[in-house]
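Student: Chains E and P, in that order, are what the protein sequence lines are. Under our numbering, the residues of the first sequence are numbered 1 to 305, in order. Under our numbering, the residues of the second sequence are numbered 1 to 305, in order.
One thing to keep in mind: the hints can contain errors.
To spell it out: a stretch of chain P is covered by chain E in this simulated footprint if at least three of its residues, at any positions, have a beta carbon under 8 Å from a beta carbon of chain E; those stretches are [unchecked claim]:
id, segment
1, 31–45
2, 107–121
3, 141–153
4, 157–170
5, 177–188
6, 228–236
Simulated crosslink set (DSS-like; lysine-lysine; CA at most 27 Å straight-line) [unchecked claim]:
id, chain 1, residue 1, chain 2, residue 2
7, P, K145, E, K145
8, E, K145, P, K23
9, E, K155, P, K290
Keep in mind that the hints were calculated from the coordinates and are not lab data. Glycine is no exception: its CB is placed at the ideal position from the N, C-alpha and C atoms.
Number of protein chains: 2
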Amino acid sequence: MSLSDQLALKAERASAIVDEYLKMGIDDVGFAESLAEAMGYAVEGKGKRIRPVILLEVYRLFMGDGCDLTPAEPFAAALEMIHSYSLVHDDLPAMDNDRLRRGKPSVWVEFSESTAILAGDALLNLAFETAARAFDECEEQDMKKTAQAFSYLAKKAGIHGMIGGQAADVESEKEEIPIDRERLLFIHRNKTGALLQAAFVCGGILGGANAEQINALETIAEHMGVAFQIQDDILDVVGNARKLGKPIGSDAQQGKETYVTLYGLEAAKAEAARLCDESKVVARCLPGDKSFLLALFDFLVDRDY
Amino acid sequence: MSLSDQLALKAERASAIVDEYLKMGIDDVGFAESLAEAMGYAVEGKGKRIRPVILLEVYRLFMGDGCDLTPAEPFAAALEMIHSYSLVHDDLPAMDNDRLRRGKPSVWVEFSESTAILAGDALLNLAFETAARAFDECEEQDMKKTAQAFSYLAKKAGIHGMIGGQAADVESEKEEIPIDRERLLFIHRNKTGALLQAAFVCGGILGGANAEQINALETIAEHMGVAFQIQDDILDVVGNARKLGKPIGSDAQQGKETYVTLYGLEAAKAEAARLCDESKVVARCLPGDKSFLLALFDFLVDRDY
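All chains, full assembly: derive it from the sequences and hints.
Tutor: Structure (structure tokens):
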């Protein structure tokens, strides 16, 4: 099976898991029905489900092919919910003021600003409610591991991770603070990188990775997070608007500093390729059949959407 | 010691706990420094800390006077962070558009709308990150109890609790949906009631309450949640603007349906008193010295701020 077929299959399975936990989480909500609808709208659609796919894949590496994925599934779903809520809030008029997302009207356009704010809050909340279901799914002896993965996820989603990166990014734009290399790396590492890091590392923690392997996963995640963001920036310049589901060149129009504007297209491509190669070397200490994971690294820096 | 002195003392202790966990949570945040500042601004101040006080008090009832409060502290801090983030988002222009909170400019006025959105997100995230610290604080045999309290907190903070009530409230205002008794109760039970419920019940779960006692705590919390909100509505009509830190009559000005507009001042007062009396009866099945808790019930429906 080709990588893109494998990826599509795994993304479909991850989607089913996310949908299942989402459905459980927005069942029987009384007068909050339109909020539930907005939450569903925010999560459904053509997302790549890259974070849940990575988490489940890393878990599988450690637990072996054909293992029971149940203990990792709540975390996989939680990651996608966190990613989705962050997009809902990012699109708000007071933030990036984006009217389109994944080829559809943003949540605030389709519903309302207040619904988008609350739907984002509710998705973030549901993410942790969902991840906490892992405590019901796991054996007594795995509680500590689950708690460790939970704390890691929470840290990487918050001010020491995604939200921190987002805040530094928004501040640079609104206050017109010039972005130097240090700030750009901080933004990349956190805004995009932190959730990818949570995907790699939580998969490893839940699968019983040792300290050396956790370190390797953190390095890979950090590298691939930056590479992924570089590719995002590149796609904003050269990408395909239909596939991306958003207008091309929107970063440049907004005068946004990116890897491409800072270093040029070729140097940005070379840096992404370097980070990808280094990740492959570091991945050698991970167990199991890594062929899909290594191919995924290439996909992350070669993708055209 | 008078009740208000006791309450002030306990609120001060709760504040110290909240501050400690907040400080831990916004330490060393790199370029996200202004976000951290906004989070601190949102949590600090003259809040009554009623939710952490209740949680710690219920925990103490079950564990005995002079017990070690450490295992319950992360939950107490998390509750206050959730309460604080909800106020930050409620005040936003797209929501209640309030410029004042606890006598100070709202977060979006003092900082910016985008910072207020992100600070709210980051506080909600930090709440769960903080609550998860309870897994580090607790003994191996208490992991399941901690997980149970965690799930309860997450549920009550989300679409099946506070956010659900808030969504139903905002929808009624924006869509001009008339508020009948059923919807008003739904809003009260969830918007204000759910976090109080989490305070009572999580305190009980962590303290090892049995099923009958958990039921009692849920009933008390539901009653006191509605009574608390009724008193809020009453204060909006007859209260003291300086003590409240917000203008009087703001609900009525906004054409907002409340217990008072729906039933009249006297009937609203009578209902609050009835709920308070019933809670005292139900509280009989709880262990320990309940004098402070019972006095607290009276305070919640008699308070003038």
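Student: All hints, please: hold or fail.
Tutor: Status of the hints after comparison with the structure:
1. 31–45: holds (count 6)
2. 107–121: holds (count 8)
3. 141–153: holds (count 5)
4. 157–170: Coverage by chain E holds for the segment 157–170 of chain P (11 residues, Cβ < 8 Å).
5. 177–188: holds (count 3)
6. 228–236: Violated - the segment 228–236 of chain P has 0 residues with a Cβ nearer than 8 Å to chain E, which falls short of three.
7. P:K145 x E:K145: Satisfied, since the Cα-Cα distance of roughly 16 Å is no more than 27 Å.
8. E:K145 x P:K23: holds, 26 Å
9. E:K155 x P:K290: Given pair K155 (chain E), K290 (chain P) is violated - Cα atoms ~38 Å apart, limit 27 Å.
In this structure, the hints that do not hold are numbers 6 and 9, in rising order.
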